[in-house]
Amino acid sequence: MDNPVQNYKLKTVGINLYYGDFHALRDISMEILECSITAIIGPSGCGKSSLLRTFNRMNDLIPNARIEGEAYIGNQPIYGSDSDAVQIRKKIGMVFQKPNLFPTSIYNNIAIGPKSQGIKNKGDLDGIVEKSLRQVALFDDLKDRLSEPGLSLSSEQQQRLCIARALAIEPEAILMDESCSALDPVSTLMIEDLMKKLAENYAIIIVTHNMEQAVRVSDMAAFMMIGDDRAGMLVEYSNTEDMFSNPKDERTEGYITGRFG
Amino acid sequence: MNTNDKTIEKIAKAIIWSAALFVLVILTAIIAYILAKGLPILNWGFLTQIPRNMGRSGGISSTIVGTLMVTAVALVIAIPFGIGTAFYLAEYTKESWATRLMRFSAESLAGIPSIVYGLFGFIFFVISLNMKWSVLSGGLTLSFMILPTIIRTSEEAIRSVPTTYREVSFSLGATKWQTISKAVFPSALRGITNGVILSIGRCIAETAAVILTAGTALKMPTSIFSPTRTMAVHFYILAREGISMENAYGTAALLIILIFLINVVANAAVNRLMEKGR
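Read top to bottom, the protein sequences are chains P and Z. Here this note's numbering is used: the first residue of the first sequence is 1, the next is one more, and so on. Here this note's numbering is used: the first residue of the second sequence is 1, the next is one more, and so on.
Same shape as in the complex, but just chain P:
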């Protein structure tokens, strides 16, 4: 990297996260590259999801959560006194573990984000819905069924639709919290292909328990584990190939070779 300063899309600097008295994340600094997939791996309870949610301030919703340090999207501080959680979240799409569509039509599921941002014109909304569905390769299948309930689709299509819903707010980055863990292996591969395609335009961070998945899709990998003080920490962060072929930390090696976790 010749000029790493300009290359990152998201960045954390010395993030510490507390839930009440519980120290959940300790001193995490990392840079997420533009147009790439970064996988966060590590044993259960090590704070992967907490770290993911610091980028779009979803931890704000948890009572008693407190954060120290700063994170950036581009050059914009995420936690600075001038920044507003609602504005930050509009720049970062999120896809959750299970497909979690609203009990409404396919169309409305995608339009709900743009609508909440004040887009009311039907033509504009139609355009956004079409574009978002095209991005996840669902438009041709669903274009005549937009008024049908989203919940009538297969779970793989539902998860695609959830991705389309996140894309509809025109985010600058996408967070995926174990977004394939509720899918069968074939569907998982299809979603992974989609991720790779989206990574041509977006910075994507995924949390995954599935190490094969991390190897298959990610460019960068971050290994987290629970420290001696129970706080989640970043052990190793590097190019995925390097990490899995030649881990620098013996704890990383222990985890990826299946000795613990």
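There may be inaccurate statements among the hints.
[To be verified] Subject to a maximum C-alpha distance of 27 Å in a straight line, what follows is the list of computed DSS-like cross-link-like pairs (lysine-lysine):
(1) P:K11 / P:K196
(2) P:K115 / P:K143
(3) P:K122 / Z:K176
(4) P:K197 / P:K91
(5) P:K120 / Z:K176
(6) Z:K13 / P:K91
(7) P:K91 / P:K115
(8) Z:K10 / P:K115
(9) Z:K176 / P:K98
(10) P:K131 / P:K143
(11) P:K131 / P:K197
(12) P:K98 / P:K115
[To be verified] Far from chain P by the CB rule (all over 12 Å, computed), these chain Z residues:
(13) I26
(14) P40
(15) S61
(16) T85
(17) F120
(18) I123
(19) M131
(20) S171
(21) L172
(22) W177
(23) T222
(24) I224
(25) I256
(26) R272
(27) M274
Simulated from the structure, these hints should not be mistaken for laboratory data. Every residue gets a Cβ at the ideal spot worked out from N, C-alpha and C, and that includes glycine.
Mind docking chain Z on chain P? Use the hints.
Using the frame of chain P, we list chain Z on its own:
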């Protein structure tokens, strides 16, 4: 399964079936009896004429209007305050002594006999605020009576909306109000409506609380300041004073039909709304 288990299984099944059958028979018997006695009385004149001769002859039109007016006043007040409080309790505040006090009061109020509300309404609205026996006094009293039901059923409905709906909505950059109005409320609507329908039924069927606050006047009410007699009160007086059992049954039959209709219409309205949301 051994034989013993099978016997227990059979006995349990028999008990549960007979309990359900027993209840079904009782309920249909009551409704069938009242409809059988009351339906022959119901005709256009009974519905459109005001009661004459204390209700011995004429119709019950003024009591129908009175019932609808009192219920409407109660709902206009109780629905916004009740649902607002429910959203406050479920979404806008952390658990504290204040929320516990609020919930405890609501639960206690839900268990108070309606005559106590009547007495309160009589002393407070009718006498102290000098609102006299009127649709307004009756409606306000009923609104207090149904508030706890609306708060509790709405809060439950709001809390049962999956957390993921809120998370998704926030993650899309929605504000708290957008999240509540677009993601939470539509999903809670059916539960909230059930509480409201239950409350409408209680308003329409209430006697003790309204007899003391709306009065027993048989004239057609012309405004919310008019005294009035609701159908349930009319029915009570007709039967209690032995004025006309026929007309009492006619009124009771209409009460049942009215409550049935409100259920059907409200559910249809919610379904329509849900469809439109699609």
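Here is how each hint holds up against the structure:
1. P:K11 / P:K196: holds, 21 Å
2. P:K115 / P:K143: holds, 20 Å
3. P:K122 / Z:K176: Cα-Cα ~24 Å, so holds.
4. P:K197 / P:K91: Roughly 19 Å between the alpha carbons, so the hint for K197 (chain P) and K91 (chain P) holds.
5. P:K120 / Z:K176: Measuring from Cα to Cα gives roughly 19 Å; hence the hint holds.
6. Z:K13 / P:K91: Judged against 27 Å, a Cα distance of about 58 Å means the pair is violated.
7. P:K91 / P:K115: holds, 15 Å
8. Z:K10 / P:K115: violated, 56 Å
9. Z:K176 / P:K98: Holds - the C-alpha atoms of K98 (chain P) and K176 (chain Z) are around 23 Å apart, at most 27 Å.
10. P:K131 / P:K143: Distance of about 11 Å is within 27 Å: holds.
11. P:K131 / P:K197: holds, 15 Å
12. P:K98 / P:K115: holds, 23 Å
13. I26: Holds: least Cβ distance 37 Å, greater than 12 Å.
14. P40: holds, 46 Å
15. S61: holds, 43 Å
16. T85: holds, 21 Å
17. F120: Holds: least Cβ distance 37 Å, greater than 12 Å.
18. I123: I123 (chain Z) clear of chain P: closest Cβ-Cβ about 42 Å, beyond 12 Å.
19. M131: M131 (chain Z) clear of chain P: closest Cβ-Cβ about 44 Å, beyond 12 Å.
20. S171: violated, 4 Å
21. L172: violated, 4 Å
22. W177: Label violated. Min Cβ-Cβ 10 Å, cutoff 12 Å.
23. T222: Correct as stated: the minimum Cβ-Cβ distance to chain P is 44 Å, above 12 Å.
24. I224: holds, 38 Å
25. I256: I256 (chain Z) is indeed farther than 12 Å from all Cβ atoms of chain P, at 34 Å.
26. R272: Its Cβ never comes within 12 Å of chain P, the nearest being 15 Å, so this holds.
27. M274: M274 (chain Z) not clear of chain P: closest Cβ-Cβ about 8 Å, inside 12 Å.
Of the numbered hints given earlier, the model fails hints 6, 8, 20, 21, 22, 27; all others are met.
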